[in-house]
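With chain A's structure known, arrange chains B, C and D on it following the hints.
Residue numbers (full-length UniProt numbering), protein chains in the order written: chain A, 1 to 232; chain B, 1 to 232; chain C, 1 to 232; chain D, 1 to 232.
Check before you lean on any hint, since a few could be wrong.
In this list, chains with the same sequence are indistinguishable; a pair is considered to hold if it fits within one copy or across any two.
To be verified - With a Cα cut of at most 20 Å, we get these calculated EDC-like pairs of lysine to aspartate or glutamate: (1) Lys50 to Glu11; (2) Lys108 to Glu203; (3) Lys198 to Asp109; (4) Lys69 to Glu3; (5) Lys84 to Glu175; (6) Lys7 to Glu175.
Everything labelled a hint here was simulated from the structure, so no lab data went into it.
There are 4 protein chains.
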Amino acid sequence: MLEEMKKRVYEANMDLPRYNLVKFTWGNVSEIDREKGLFVIKPSGVDYDKLKPEDMVVVDLEGNVVEGKYKPSSDTPTHVELYKAFEKIGGIVHTHSTWATSFAQAGKDIICYGTTHADSIYGTIPCSRNLTKEEIESAYELNTGKVIIETFKDRDYVATPAVLCKNHGSFAWGENAKKAVYNAVVLEEVAKMAVLTKIINNEVEEAPKSIQDKHYNRKHGKNAYYGNKVEV
Amino acid sequence: MLEEMKKRVYEANMDLPRYNLVKFTWGNVSEIDREKGLFVIKPSGVDYDKLKPEDMVVVDLEGNVVEGKYKPSSDTPTHVELYKAFEKIGGIVHTHSTWATSFAQAGKDIICYGTTHADSIYGTIPCSRNLTKEEIESAYELNTGKVIIETFKDRDYVATPAVLCKNHGSFAWGENAKKAVYNAVVLEEVAKMAVLTKIINNEVEEAPKSIQDKHYNRKHGKNAYYGNKVEV
Amino acid sequence: MLEEMKKRVYEANMDLPRYNLVKFTWGNVSEIDREKGLFVIKPSGVDYDKLKPEDMVVVDLEGNVVEGKYKPSSDTPTHVELYKAFEKIGGIVHTHSTWATSFAQAGKDIICYGTTHADSIYGTIPCSRNLTKEEIESAYELNTGKVIIETFKDRDYVATPAVLCKNHGSFAWGENAKKAVYNAVVLEEVAKMAVLTKIINNEVEEAPKSIQDKHYNRKHGKNAYYGNKVEV
Amino acid sequence: MLEEMKKRVYEANMDLPRYNLVKFTWGNVSEIDREKGLFVIKPSGVDYDKLKPEDMVVVDLEGNVVEGKYKPSSDTPTHVELYKAFEKIGGIVHTHSTWATSFAQAGKDIICYGTTHADSIYGTIPCSRNLTKEEIESAYELNTGKVIIETFKDRDYVATPAVLCKNHGSFAWGENAKKAVYNAVVLEEVAKMAVLTKIINNEVEEAPKSIQDKHYNRKHGKNAYYGNKVEV
Chain A
1 MLEEMKKRVY
11 EANMDLPRYN
21 LVKFTWGNVS
31 EIDREKGLFV
41 IKPSGVDYDK
51 LKPEDMVVVD
61 LEGNVVEGKY
71 KPSSDTPTHV
81 ELYKAFEKIG
91 GIVHTHSTWA
101 TSFAQAGKDI
111 ICYGTTHADS
121 IYGTIPCSRN
131 LTKEEIESAY
141 ELNTGKVIIE
151 TFKDRDYVAT
161 PAVLCKNHGS
171 FAWGENAKKA
181 VYNAVVLEEV
191 AKMAVLTKII
201 NNEVEEAPKS
211 IQDKHYNRKH
221 GKNAYYGNKV
231 EV
Chain B
1 MLEEMKKRVY
11 EANMDLPRYN
21 LVKFTWGNVS
31 EIDREKGLFV
41 IKPSGVDYDK
51 LKPEDMVVVD
61 LEGNVVEGKY
71 KPSSDTPTHV
81 ELYKAFEKIG
91 GIVHTHSTWA
101 TSFAQAGKDI
111 ICYGTTHADS
121 IYGTIPCSRN
131 LTKEEIESAY
141 ELNTGKVIIE
151 TFKDRDYVAT
161 PAVLCKNHGS
171 FAWGENAKKA
181 VYNAVVLEEV
191 AKMAVLTKII
201 NNEVEEAPKS
211 IQDKHYNRKH
221 GKNAYYGNKV
231 EV
Chain C
1 MLEEMKKRVY
11 EANMDLPRYN
21 LVKFTWGNVS
31 EIDREKGLFV
41 IKPSGVDYDK
51 LKPEDMVVVD
61 LEGNVVEGKY
71 KPSSDTPTHV
81 ELYKAFEKIG
91 GIVHTHSTWA
101 TSFAQAGKDI
111 ICYGTTHADS
121 IYGTIPCSRN
131 LTKEEIESAY
141 ELNTGKVIIE
151 TFKDRDYVAT
161 PAVLCKNHGS
171 FAWGENAKKA
181 VYNAVVLEEV
191 AKMAVLTKII
201 NNEVEEAPKS
211 IQDKHYNRKH
221 GKNAYYGNKV
231 EV
Chain D
1 MLEEMKKRVY
11 EANMDLPRYN
21 LVKFTWGNVS
31 EIDREKGLFV
41 IKPSGVDYDK
51 LKPEDMVVVD
61 LEGNVVEGKY
71 KPSSDTPTHV
81 ELYKAFEKIG
91 GIVHTHSTWA
101 TSFAQAGKDI
111 ICYGTTHADS
121 IYGTIPCSRN
131 LTKEEIESAY
141 ELNTGKVIIE
151 TFKDRDYVAT
161 PAVLCKNHGS
171 FAWGENAKKA
181 VYNAVVLEEV
191 AKMAVLTKII
201 NNEVEEAPKS
211 IQDKHYNRKH
221 GKNAYYGNKV
231 EV
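Just chain A, same shape as in the assembly (with noise of 0.2 Å):
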């Protein structure tokens, strides 16, 4: 079922380590099949020295597991809540890495300061609210999932593939497990040049709204002009 699919899902899930955005266990990727409503996602707590293509669990937009034999990445009632609210999404990554969580421990957003950010992701990516003692304890992942699209509302989050969870770490998505990878790439490079950015010039600012749009759209939309037709 799905074997592609899990194939796809398990490199995505290798390329963690190998970006160096997670330690052991620390992080899942997930892509979903929209016509069949099904997605792919990494088993919990598996090592990735151990984990095989074939230890990918298939779960629907409920929640429930239709194949596997382990149990789903803790985290897969907030993938359920992006896919429904994202429909333009094809795949979600959660990482803890080490820049970027940085920033969501700060409780503060990542500023475009360049054009390394614009390119990938537009404008300020927003740190989410903290949850509510209730929502921790009602249904934590699943109001993980509520509090991101909550932080969504004005936004486009085709434009901004990514988030910081307040306290926690961060969510990246895009049209494939892959593309949600190389998005969360962008996002600790970016949180790592935002803090050094800092350091370097503690009045900086944005960067001019002009130059965020010419360096988006070479890359996106119907005017891009970047790249070549080969695979990203």
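The following block gives chains B, C and D in isolation, referenced to the frame of chain A:
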């Protein structure tokens, strides 16, 4: 004697350079057999690239070498004190990992700013007091153990399995050698994140108690629901 | 056509991830044949792990593709402008390397604080002005080149072979592609050291002119005495 | 001639990129045969990936090349001065390692904040004064040596085997080439920790003398009890 444990302790010691927690011989891991009252520890000052499982040293709870061609780690008396006082632990690791050691040198506790910390270590990671001149000059390594124990007199050493030794380095522990090393990796990562978090937001406060409790409890205790029944 | 140069440019491009100057496809290197008036450059947006020497694109000094199955790097018009204005250079590299890019985002020059910098790059590494909205919207990459040239109107581009592009990234150059990458490595390292130097001593001033001159001149010019006659 | 020493010096030079202390050719190691009054040093400006044991250059204590097809390191006169003044040392290393060099650029000593430092280097690691314009322009590398010696006129160069050269880089030394590199690794690590320690606690003070003495003496001198009789 204790051949399987020697292999495990050897592997756990080799994990220290793998996880970038030590340079040269600046660390040591041990594991205890509670029934026999014996523990296995790395020899003192032997290069990691020359270390073999059979080089591990067997020591009793009075610090006597029971088997082994080498002297045990010079920190052996600290391990003895900790095994005697912390009866529920099965493995201990000592490192000079960069970020945790910087907290130890700064004489500051590591506050819990997020779930990366709360997932594995409950609450603040304490920094011990300085040893007195007398404690240093009489039985330094033994007194290092005693001061750690004093630091935990009103703390739960199972829930908070790590400590910073003032001006020195860190000790972490767990149910076995491997889990102790896991906790040392967590310690180093949350130390790094804590520095970055404060740089990003100098006014940052401890994460809310509710999210700390949630993350710690979803991985520990009788209501834990994280992970699958595969080895950690 | 230019097969040897394609191999060199390919190798120089592959050095970017090797020296940790780029992630994904975020960089490009070119080298020029001054007699033929043609340069070889990386194709746009092709993954480094799929790149082959024969994928390199040959471009003339009006920016026309002379040979190649792929589109050249989207930054090609910047390379064209620099080759036309800086007649003594033979290779150009563009990256978003972390520390140099953070200076570019901060809009700050990199002061020469020591001999690591002075050995390879004479004096301050300038940060260009922002492009105007009009410059961005009309011919962005060409105007990026023009603004770099403007930044060097009172500077010696041979002695100072690097520039920071405001809110963007960096360009470095040299007598060939390999030397351009060498200078990009120096740029990234001295950017990192400059941040750390200021953290250690916020009052620090530029290194004395005499030591800057000494180190630059012992490696460059007719009285150079550093190195052996083996290839750089 | 001195074939075994050439191999050791070659290996010690290759350790510089292995321990991430240098980029390109920015470092050099030498070792001396005190009976013969000759030392072996890396050739100048030869890439590490092309270096071979037989490329090492043999030099006498007046700085004359006794054997070798290449010019010796341009820093050879500094090595000569140090070997002549510091009669108990057997190996010297020069690097531009990132964190130590940042202290040199900042013109600040490295205070001893903990046992990682005290285990190998006794007390403060001094930063030398600037060379005068005359010292730079006449015999720069020789005067670099003289200024280091001046920096140690009231210090014990055996107990404190490292120095920061203002606006430049560092030298470290030891009983042989390998031990000199070991001390250079320690220097870089304690430089990094010292920066982080100050960031964590801006009021931090030097570690108590008693713990510095304890750690230094448990590894050095006639009452040392650290380590086993296997090679360092």
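Hint check results:
In this assembly of identical chains, the alpha carbons of Lys50 and Glu11 lie at most 20 Å apart whether taken from the same copy (13 Å) or from different copies (17 Å). Taking the shortest alpha-carbon separations for Lys108 and Glu203, both the intra-copy value of 16 Å and the inter-copy value of 11 Å come in at or below 20 Å. Within a single copy, Lys198 and Asp109 get their C-alpha atoms as close as 13 Å, and across copies as close as 14 Å, so both meet the 20 Å cut-off. In this assembly of identical chains, the alpha carbons of Lys69 and Glu3 lie at most 20 Å apart only when taken from the same copy (15 Å versus 34 Å across copies).
For a Cα distance limit of 20 Å, the shortest separation of Lys84 from Glu175 inside one copy, 14 Å, qualifies, whereas the shortest one across copies, 41 Å, does not. In the homo-oligomer, the alpha carbons of Lys7 and Glu175 lie at most 20 Å apart inside one protomer (16 Å), although the nearest pairing across protomers, at 35 Å, exceeds that limit.
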